[in-house]
Amino acid sequence: MEQTEQFHRHDLVWLAHPAWDMLIQQQPALAAQLRQWQQAEWPAVVRRRDGDATEHEVCIGLALPPQQGRKIRVAARVPVQQISAHQPGLSLSTAMAVAGDSAQEYLQAMQRDAQQQGIRFRVYGSLAMQFLTGVPYMTPQSDIDLLFRPSDRQQLRLGLALLQRYRAWLPLDGEIIFPREQAVAWKEWATADTLVDAHANQRVLVKDSQTVRLVNRQELLDSLPST
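Residue numbers (the working numbering): -15 to 211.
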C-alpha cells in the first residue's frame, strides 16, 4: 500500500469499486455522471490536502465534462487503500495529440525544444482531461496548463525561456514545481524576474500538498543546485 506522502497535486489516481460507491453515496445528485466515470475507468486527480484529512486519506478531485457551459467539480477524500493505480500527470508529448489543429504545430516545436534541453513538461487541466476521457473539455478560451520540475537553476532558466517564447502563439499557463512539491505559477515567477526592484527578499505565492503561502524567492532558488 502506498503512503499518502507519495501522492502529489495533479497526479492521476484510479479508484477501487468501494471508493466509487462511497463517492456516489456522498454525491447522489451526480450518481449517473459518477457511474459513467467509473465504468469508463477514468482517473481522478490528486488535489491539495484538506487541513483535517487523516494520514490514511488521499484528497482527490473530478472535473466532470462541461454541460451547457457549466463546469462541475467534485472534491472528495478516499482511503489510500482504495487507490488501485497511481501515476504522475500526462506528459506533453502524450496529451498534445488532442490539442486543436492550430496549436499542434507550436506544441510539437515546443516539445522538440524541451526534449533537446532535457526538460519534461507535464499537462493538467482541460487538455489532460480531454485526452483521458475523449470528451471535449477545451474551448477557444481554454489555457494549456503545463508544469515542470527543474533539476537545477539552469534548467529553471531554460524552461522559463521556452514558456515565454511559445506563449506568443499558445495560451500557456501552469506551474514550476520546486523541491518539496512547492509550486509557483510560472507567469508570476517570470514577472518577478523582470521587476526593476527585484531582490532576494521578494516573495511569491507557493502551493504545496497542504498549504498556500508566500515564500522568499531566494529560498526556492536555494533549493535547486546551481549547475
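One or more hints might be untrue.
Each computed EDC-like pair below joins lysine to aspartate or glutamate, with the alpha-carbon atoms no more than 20 Å apart [claimed, not checked]:
hint, residue 1, residue 2
1, 55, 97
2, 191, 34
3, 55, -11
4, 191, 172
Using C-beta positions, here's what the derived DEER-type ranges look like [claimed, not checked]:
hint, residue 1, residue 2, range
5, -2, 35, 40 to 50 Å
6, 197, 11, 25 to 35 Å
7, 35, 203, 39 to 49 Å
No lab work stands behind these hints: they were computed from the structure. By construction, the Cβ of each residue, glycine as well, lies at the ideal position given by its N, Cα and C atoms.
Hint check:
1. Using a Cα cut-off of 20 Å, the hinted pair residue 55 and residue 97 is violated, with the two alpha carbons roughly 34 Å apart.
2. As the CA atoms of residue 191 and residue 34 are separated by approximately 13 Å, the hinted pair is consistent with the 20 Å bound.
3. Pair hint residue 55 plus residue -11 does not hold up; C-alpha atoms about 29 Å apart against a cutoff of 20 Å.
4. At roughly 13 Å between alpha-carbon atoms, residue 191 and residue 172 fall within 20 Å of each other, so this suggested pair holds.
5. For the pair residue -2 and residue 35, the beta carbons lie near 26 Å from each other, so the given range of 40 to 50 Å is not met.
6. Checking the proposed 25 to 35 Å range against residue 197 and residue 11 shows it holds: the Cβ atoms sit about 30 Å from each other.
7. The hinted range of 39 to 49 Å is not satisfied by residue 35 and residue 203, whose Cβ atoms lie roughly 23 Å apart.
Checked against the numbered hints above, the structure breaks hints 1, 3, 5 and 7 and satisfies the rest.
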